[in-house]
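Chemist: All chains, full assembly: derive it from the sequences and hints.
2 protein chains.
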Amino acid sequence: MKKVTVYITLKQGVLDPQGKAIQTSLHSLGYEEVQEARVGKFIELQIDDKEDLDARINAMCDQLLANPVIEDFRFDVEEAVQS
Amino acid sequence: MKKVTVYITLKQGVLDPQGKAIQTSLHSLGYEEVQEARVGKFIELQIDDKEDLDARINAMCDQLLANPVIEDFRFDVEEAVQS
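Chains U and X are the protein sequences, given in the same order. Per my numbering, the very first residue in the first sequence carries number 21; after that it's consecutive. Per my numbering, the very first residue in the second sequence carries number 21; after that it's consecutive.
No lab work stands behind these hints: they were computed from the structure. Misleading hints may appear alongside valid ones.
A pair holds if it fits inside one copy or across any two, identical chains being indistinguishable in the list.
As the list claims (entries may be wrong) - List time: in silico DSS-like cross-link candidates among lysine-lysine, alpha-carbon distance up to 25 angstroms:
hint : residue 1 : residue 2
1    : Lys22     : Lys40
2    : Lys70     : Lys40
3    : Lys40     : Lys23
4    : Lys70     : Lys31
5    : Lys70     : Lys23
6    : Lys22     : Lys70
7    : Lys61     : Lys22
8    : Lys23     : Lys61
Modeler: Here it is as structure tokens:
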């Protein structure tokens with residue numbers, strides 16, 4: 021079993037209104053030191069061991085998890101810790 | 021200037037319908053090896069150097085970035101790379 025974490029961010033240059041709203045709100049709360057905020061998401065997957073893991077994760081991202089037009093993704097694979 | 025990345029996840033035990041939907045969709049695309057999917061978000065902040073950085077980031081999370089009732093957060097601080 022592997023634990024895969026996929027990080028999805030907006031591509032450089034794509035406007036991030038949610039991040040802009042966070043920055044504005046932080047300023048109005050008194051955190052003037054915040055110069056920029058950008059929001060991304062991550063997805064933690066528990067995946068059974070299988071061949072071609074990296075290729076399959078790339079395919080999952082292209083088909084479903086990320087929008088390749090406006091988003092970039094990267095992922096880490098580690099051994100899952102059984103709890 | 022520091023680059024701070026805040027990772028926000030649902031607390032253990034809180035239902036994650038978005039993650040469940042992702043898992044179901046991945047199954048129907050043929051990725052039967054995915055046993056669990058959970059979704060979180062991360063926020064990248066560019067912050068001017070200031071005293072008590074960690075305490076101020078904790079306060080930002082409690083006041084705005086995370087919902088402490090259902091979400092956990094953690095953050096990393098690194099030196100910002102000027103581009």
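Chemist: Hint by hint, say whether it matches the structure.
Modeler: Hints, verified against the model:
no., hint, result
1, Lys22 <-> Lys40, "between (35 angstroms within a copy, 18 angstroms between copies)"
2, Lys70 <-> Lys40, "between (41 angstroms within a copy, 21 angstroms between copies)"
3, Lys40 <-> Lys23, "between (32 angstroms within a copy, 16 angstroms between copies)"
4, Lys70 <-> Lys31, "neither (30 angstroms within a copy, 29 angstroms between copies)"
5, Lys70 <-> Lys23, "within (13 angstroms within a copy, 36 angstroms between copies)"
6, Lys22 <-> Lys70, "within (9 angstroms within a copy, 39 angstroms between copies)"
7, Lys61 <-> Lys22, "both (20 angstroms within a copy, 21 angstroms between copies)"
8, Lys23 <-> Lys61, "both (16 angstroms within a copy, 17 angstroms between copies)"
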